[in-house]
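Residue numbers (our numbering), protein chains in the order written: chain A, 1 to 161; chain B, 1 to 132.
Just so you know, the hints here were simulated from the structure itself, not pulled from any lab data. The structure displayed is predicted, hence computed values, not measured ones. Incorrect hints may appear among the rest.
Said to hold, decoys possible - The calculated EDC-like cross-link candidates involving lysine to aspartate or glutamate, where the alpha carbons are at most 16 Å apart (straight line), are:
#, chain 1, residue 1, chain 2, residue 2
1, A, K109, B, D70
2, B, K68, A, D57
3, A, K79, A, E117
4, B, K73, A, D57
5, B, K102, A, D57
6, A, K109, A, D50
As the list claims (entries may be wrong) - To spell it out: a stretch of chain B is covered by chain A in this simulated footprint if at least three of its residues, at any positions, have a beta carbon under 8 Å from a beta carbon of chain A; those stretches are:
#, segment
7, 9-20
8, 38-50
9, 61-71
10, 77-89
11, 93-103
Heads up, the beta-carbon is just placed ideally off N, CA and C, and yes, glycines get one too.
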Amino acid sequence: MALPWIVYVLPIFQVANSLRLLDTHLLLIMLYGFSGIPLFSWFALPYVYDFPNELIDAGRLDGCSEWGIVLRIVFPALKNALFALFILRFVWAYNDLLYSLSFTFHRAKMIMPTLLEFPGYTDMPFAKMAAGGFIAVLPILLIVIFFQNYVISGLTGRTFK
Amino acid sequence: MKKKKKLRVQIVLQAIGLAFIALLTIFPIYWTLNVSLLPEAEIMRTKPHYFPPPSLATLNSYIDIFTKYDVLKNMANSIFIVVLASFITLIFSFSVAYALVKYTFKWKKPFSMGLSGSWLFPGLSMSSPSSR
Chain A
1 MALPWIVYVL PIFQVANSLR LLDTHLLLIM LYGFSGIPLF SWFALPYVYD FPNELIDAGR
61 LDGCSEWGIV LRIVFPALKN ALFALFILRF VWAYNDLLYS LSFTFHRAKM IMPTLLEFPG
121 YTDMPFAKMA AGGFIAVLPI LLIVIFFQNY VISGLTGRTF K
Chain B
1 MKKKKKLRVQ IVLQAIGLAF IALLTIFPIY WTLNVSLLPE AEIMRTKPHY FPPPSLATLN
61 SYIDIFTKYD VLKNMANSIF IVVLASFITL IFSFSVAYAL VKYTFKWKKP FSMGLSGSWL
121 FPGLSMSSPS SR
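One chain only, chain A, in its complex shape (with noise of 0.2 Å):
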């Protein structure tokens, strides 16, 4: 379902509890990888809208399986919004505050968490809170300056001219 995040923090508290998968980087895999479907499959929508439908009648055609034309004809066309897609809930699962807080202590501790660490009670350490915030932000950077022209073909231009 598609609510927002918060409503679901004290079930999910309970219910990993029960399970004894607090902490651990299959929960954090789990929560990040299903709680975005909902928003991006309804991003996916219009790229798959504008696939031809001609090019899946050829491949049915040619005797190819429904998981042929899903993974030989559509995926590596819809290649760029693929990559942005990717890179947009990359970016997005990676700045989470919520869920990294919740439910990671120790072992399966993000990066975010441990950013909140750096000021402690009276003291306000400005240089180490900016080195651990550009440390923090170099992996998005680096993957935004590589892949740019994924990124823009991806998100603006269409994928079939």
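Start from chain A and add chain B according to the hints.
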């Protein structure tokens, strides 16, 4: 002639707008880098350092956070989790979109209406029943 002039004005305006947006994006990152390279005592000043002077610049804060906290391990955790989660999200959401667009099945219309309609639902109204 007139058309060409108009085009040039357009290009100049575009350049100004793009430069403005680029500045808005880059400046916070630059300022974070600037502050992180200064020693703690030099940050709060009435006349700020716009760039770290070479005599003052240190890497102490970086050394501090790398030795006192598990920054690298937590960042590896973060990237591992987020990459796998993004793959899951993308595979499932593209299959949902593909099925909604290219196939016909029973309850297709209510399903697609529900997908968009549930965004209209105020989420906090669910919080007290679901936390019981």
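When the hints from earlier in the document are held up against this structure, which numbers fail?
The structure breaks hints 2, 3, 4, 6 and 7; every other hint is satisfied.
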